[in-house]
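Our numbering puts the first residue of the sequence shown at 1, with every later residue one more than the last.
For the record, the hints were derived by calculation from the structure and aren't laboratory data. There could be a bad hint or two in this list.
[Said to hold, decoys possible] Taking lysine to aspartate or glutamate and the EDC-like style, the derived pairs with C-alpha atoms no more than 20 Å apart in a straight line are:
(1) Lys349 - Asp300
(2) Lys90 - Glu146
(3) Lys349 - Glu61
(4) Lys82 - Asp36
(5) Lys82 - Glu730
(6) Lys90 - Glu153
(7) Lys90 - Glu61
(8) Lys349 - Glu432
(9) Lys349 - Glu293
(10) Lys349 - Asp591
[What the hints assert, rightly or not] Pairwise CB distance ranges (calculated):
(11) Ser53 - Gly353: 42 to 50 Å
(12) Ala594 - Glu421: 28 to 36 Å
(13) Ala42 - Ala390: 16 to 24 Å
(14) Asp528 - Pro171: 49 to 57 Å
(15) Ala504 - Gln727: 51 to 59 Å
(16) Asp547 - Gly490: 43 to 51 Å
(17) Ala406 - Ala594: 26 to 34 Å
(18) Leu592 - Ala504: 19 to 27 Å
(19) Arg717 - Gln47: 36 to 44 Å
(20) Gly689 - Ala733: 22 to 30 Å
(21) Ser326 - Ala390: 23 to 31 Å
Quick caveat, the model's predicted, so the values are computed rather than measured. Glycine included, every Cβ here is placed at the ideal spot set by N, Cα and C.
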Amino acid sequence: MVNASLDKRPPARKPESAGRPRVAVLLPLPFPGPFDYAVPPALADLQPGDIVSVPLGRRTETGVVWDPAPALPPEFTPPPMKPVADGRLKPVLTRLDQPPLPGALRRFVDWVAAYTLSPPGMVLAMALRTAATTPITPATGWAAAEAPPDLRETPARRRVLDVATSDGPLPGAELARRAGVGAGVVRGLADAGALRAVVLKPAPPFATPAPAYCPPTLGDGQREAAQSLRDLAGAGGFSVTLLEGVTGSGKTEIYLEAIAACLERGRQVLVLLPEIALSAQWTGRFARRFGAEPALWHSDLSPRLRRVTWHAVAEGSARVVVGARSALFLPFAELGLIIVDEEHESAFKQEDGVTYHARDMAVVRARMDHAPIILVSATPSLETLANVGAGRYRHLALTARHGGAAMPAVRTVDMRAHPPERGLFLSPVLTEAMQATMARGEQAMLFLNRRGYAPLTLCRTCGHRLQCPNCTAWLVEHRARRVITCHHCGYQEPTPPTCPSCHAEASLTPIGPGVERITEEARATFPDARLLVMASDTLPGPAATADAVAQIARREVDLVIGTQIVAKGWHFPHLTLVGVVDADLGLGGGDLRAAERTVQLLHQVAGRAGRAEAPGTVLLQSYCTEHPVMQALVSGDFASFMRQEAEQRRPGFWPPFGRLAALIVSADTPEAADATARALGASAPRGEGMQVLGPAPAPLAILRGRHRRRLLLRARREIALQPIVRQWLERVAPERGARIDVDIDPVSFL
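Work out the full structure, taking the sequences as your base and the hints as a guide.
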C-alpha cells in the first residue's frame with residue numbers, strides 16, 4: 001500500500017543569467033537521475049516534457065526534458081547528482097516532433113522510481129518504449145492525374161481512372177478493389193503518370209464511445225451503486241472507491257456507468273485488467289454498451305499499433321484504454337477515471353525489471369491526475385479492506401446476483417472418505433455429479449491450477465527426478481507436445497525414452513496431475529462428452545480465448561477443463577457444476593498470503609457456476625476439509641475469513657499492518673551469492689520496530705542459472721523503508737558477478 005500525497009512540482013528551471021541556459025534531460029537508461037544539457041538558441045523555448053535527442057558519449061539518445069527537482073516526500077528523495085560546469089555541457093541536438101510527456105506522468109515516473117528504489121530512467125523507459133520516439137509513417141494513396149497523351153487505355157484502366165476521379169484519393173488496394181482489377185493495373189497507371197501519389201488524411205484510429213448508446217437495465221441495488229459511481233466520475237477529483245460484489249452481481253455493468261459519466265465530462269478513462277486474455281470478452285461488453293470498442297494496450301500489439309495507440313492517448317483521441325499494468329505509463333492528455341478490475345489479483349505485480357504493484361501505483365497515478373479510481377473485486381485484498389476500515393477508501397457492496405440468480409451451493413468432497421480409484425484423481429462423488437449435470441444438457445467445469453501432464457517425473461528404478469539444469473525446479477511433462485519444460489526459465493527438451501541417470505527403459509513415471517492428465521481421465525470417463533481445455537498452453541492469445549468462450553456460449557462444449565484462466569470473470573450461463581480437482585493446492589509453503597490467495601481464487605472459480613436460471617453447485621476435492629479456507633468457501637462468509645486473517649497478521653506487523661522490503665542477491669556462483677548475502681546480513685539495519693530476516697537461500701535457490709539468496713526487512717507501518725534500504729545498500733559492495741535487487745512490498749517470496 002502506498003500514500004500518494006504529494007505537493008505540486010516546482011516550475012521548470014530558468015536559465016542562469018551568469019551561465020549558459022541549461023535543461024535537465026532524463027534518459028531511458030539506468031542512471032540515477034537526469035543529465036544537464038546546454039540549450040542552443042534555436043531551442044530556447046524547450047519546456048519540461050519535450051522529447052529530445054541528445055548526445056551521450058559517442059552515440060545519440062532520446063530523452064525527455066525533465067523538471068529540475070522532483071516534488072517527493074523527504075524520505076523518498078534520492079541524493080542529488082553532482083552538477084556539471086557550464087563549459088562541459090553538451091547541447092541538446094533537436095526536439096522531436098512528438099507529443100510531450102504530461103506533467104502528471106513525469107511526476108508519476110519520479111514517484112514510482114523513488115518508491116521502488118529504481119533508476120528513474122528505467123521507469124521512463126516504460127513510458128516511452130519505442131512508441132514515442134518512432135514516427136508514424138503516413139499512409140499514401142492514389143488520385144487521378146492528367147493522363148499523358150500516349151496513355152494506352154484499356155477497359156480495366158478506364159475503370160481505375162473513373163474510380164480515382166470520383167472516389168479518390170484511395171489506397172492502392174482499395175482502388176483496385178473498387179475498380180475490380182488487380183494491383184498490377186494500378187501500378188501500371190502510376191508508372192505511366194496517370195495516377196499521382198498523395199498523402200492520405202489519417203482517419204481517427206479509434207471511434208468515440210457514445211455514453212448514451214445502450215444504457216443497461218439495472219436492479220435496485222445496482223442502480224444505487226451505479227449512481228454513486230456516476231457522481232464520483234462526474235465530479236472528478238481524487239478519491240478511491242472499492243466496488244465489492246459477489247460473482248455475477250453485475251460489477252462490470254455498474255462501473256461502465258462511471259465510464260459513461262467520465263466520457264460525458266470529456267475526459268479519458270483507463271481500465272486495468274490482470275490478464276490480457278480477459279480483453280476479448282471485456283471489449284465485447286464495452287462495445288455493446290457504448291457502440292465502439294476501446295483502445296487496447298498490451299504486449300501482443302504490433303509495433304505500429306502500439307505507436308498509433310500511444311499517440312492517440314497523448315492527443316486525447318483514444319478516450320478509453322483497457323490494458324495490462326504497463327498501460328499505467330501511457331501519456332494521457334485528460335485522464336479522468338481509473339478502474340482496476342479484479343484488484344486482488346497478484347498478476348498486477350510486476351516482478352521483473354522495475355518491480356511495482358499496478359494496483360497501488362494506479363492509486364498514485366489517480367492522485368497525480370486528480371482523478372477518481374475504482375477498485376473492483378468479489379474478493380478484495382486484505383490491503384484494500386484495511387484501507388476501507390481506516391476510512392481512506394469508500395466502499396460499495398453488492399450482496400446479490402443480478403437477475404435473481406442464486407449463489408452456488410459449495411460443498412467439500414473429503415478425499416479420505418471418497419478416494420478416487422488407483423491411478424485416477426477424480427472422486428466418484430465428483431464424477432457422478434458431472435455425469436448427472438451433462439445428462440441434463442448443462443455444462444460442467446474442472447479446475448486445476450497446474451499446467452502440463454504432471455508436475456514431477458521420476459524413475460521407478462533409481463528414484464532420479466527430472467530437474468531443470470538452470471533452476472531449482474522440476475521439469476514438467478507436457479505429453480501432448482512430447483516435451484518436458486521448466487515453467488520458470490523456459491528450458492525445454494524432448495521427453496526422454498529412458499532414465500537419464502540409470503538408463504532403465506519404461507521406468508519414468510508421472511507424479512501428480514496437471515490439466516493434461518485430468519483431460520485424459522475425463523476423456524476415458526466421459527467418452528461422449530465434448531471437451532475444451534482452457535490454459536495458457538492451449539489459448540495463446542486473446543483471439544484464441546475469445547473463440548473458446550464463444551464455443552462455450554454456443555453450447556458446443558459439455559466439459560471445460562482449465563487452469564486459473566477459467567476463473568477470470570467469465571459469464572457462462574449454461575455452466576452449473578464446478579469441480580475443483582485439488583482445492584488444497586496453494587495452501588502449502590511459507591507464503592504469507594497463501595490462505596488469502598487460495599480463498600480468492602477458489603471463490604472466483606466457484607462463481608462461474610449457476611450464473612443464470614439453473615442453480616449451481618461447486619465441489620471442492622480436499623484432504624483437509626476442516627481448513628479455515630474450506631470452511632469459508634462452504635459458508636460463503638468471506639468477510640469473517642478476512643477478519644481472521646487480519647488478526648493473525650496484526651501482532652507481527654505483517655502487511656497490511658507493516659511494511660516489507662525484500663533484497664534478492666543473485667550471482668553466477670554460490671560463493672559470490674553467499675559472500676554478498678553475508679555482507680548484507682552483517683550490515684543490516686537495526687532499530688525499534690524493524691527486523692531483518694535472513695540471509696537464506698531463496699526457495700528457488702537457482703533461477704536461470706543464477707544462485708539466489710534472500711533477506712527480508714520487516715518494519716512497522718509508520719516507518720519509511722526507502723531511506724533505510726538506500727543507506728543499507730550504500731554500505732555493501734556486491735561481489736564480482738553478483739547483483740542485489742530490491743522488491744518493495746513483495747508479493748512473491750520465491
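Structure-based check of all given hints:
A hinted pair counts as satisfied when its Cα atoms are at most 20 Å apart, and Lys349 with Asp300 qualifies at roughly 19 Å. Note on Lys90 and Glu146: the hinted pairing is violated, with a Cα-Cα distance of about 52 Å set against a maximum of 20 Å. Distance restraint check for Lys349 and Glu61: the Cα-Cα separation of roughly 30 Å exceeds the 20 Å cut-off, and the hinted pair is therefore not satisfied. With a C-alpha separation of about 10 Å, the suggested pairing of Lys82 with Asp36 holds against the 20 Å cut-off.
Of the supplied pair hints, the one linking Lys82 and Glu730 holds, its CA atoms being roughly 17 Å apart against a limit of 20 Å. Of the supplied pair hints, the one linking Lys90 and Glu153 is violated, its CA atoms being roughly 61 Å apart against a limit of 20 Å. Between Lys90 and Glu61 the CA atoms are separated by roughly 13 Å; this keeps the pair inside 20 Å, and the hint holds. Our distance criterion of 20 Å between C-alpha atoms is broken by Lys349 and Glu432, whose separation comes to about 40 Å.
Of the supplied pair hints, the one linking Lys349 and Glu293 is violated, its CA atoms being roughly 27 Å apart against a limit of 20 Å. Under the criterion of a C-alpha separation no larger than 20 Å, the hint pairing Lys349 with Asp591 is consistent with the structure, at around 15 Å. Restraint check, Ser53 to Gly353: a C-beta distance of roughly 24 Å breaks the suggested window 42 to 50 Å. Checked against the hint of 28 to 36 Å, the C-beta distance between Ala594 and Glu421 comes to roughly 30 Å, which is consistent with it.
Roughly 54 Å separates the CB atoms of Ala42 and Ala390, a value that falls outside the hinted 16 to 24 Å. Between Asp528 and Pro171 the CB atoms are about 51 Å apart, so this pair conforms to the stated range of 49 to 57 Å. For Ala504 paired with Gln727, a C-beta distance near 57 Å keeps the hint of 51 to 59 Å intact. Judged by the Cβ atoms, the range 43 to 51 Å given for Asp547 and Gly490 is violated: they are separated by roughly 26 Å.
In this structure the supplied range 26 to 34 Å holds for Ala406 paired with Ala594, their Cβ-Cβ distance being about 30 Å. About 42 Å separates the C-beta atoms of Leu592 and Ala504, a value inconsistent with the hinted range of 19 to 27 Å. For Arg717 and Gln47, the Cβ-Cβ distance of about 39 Å falls inside the hinted range of 36 to 44 Å, so the restraint holds. Distance hint check for Gly689 and Ala733: the Cβ-Cβ separation is about 28 Å, which falls inside the suggested range of 22 to 30 Å.
With their beta carbons about 30 Å apart, Ser326 and Ala390 fall inside the hinted range of 23 to 31 Å.
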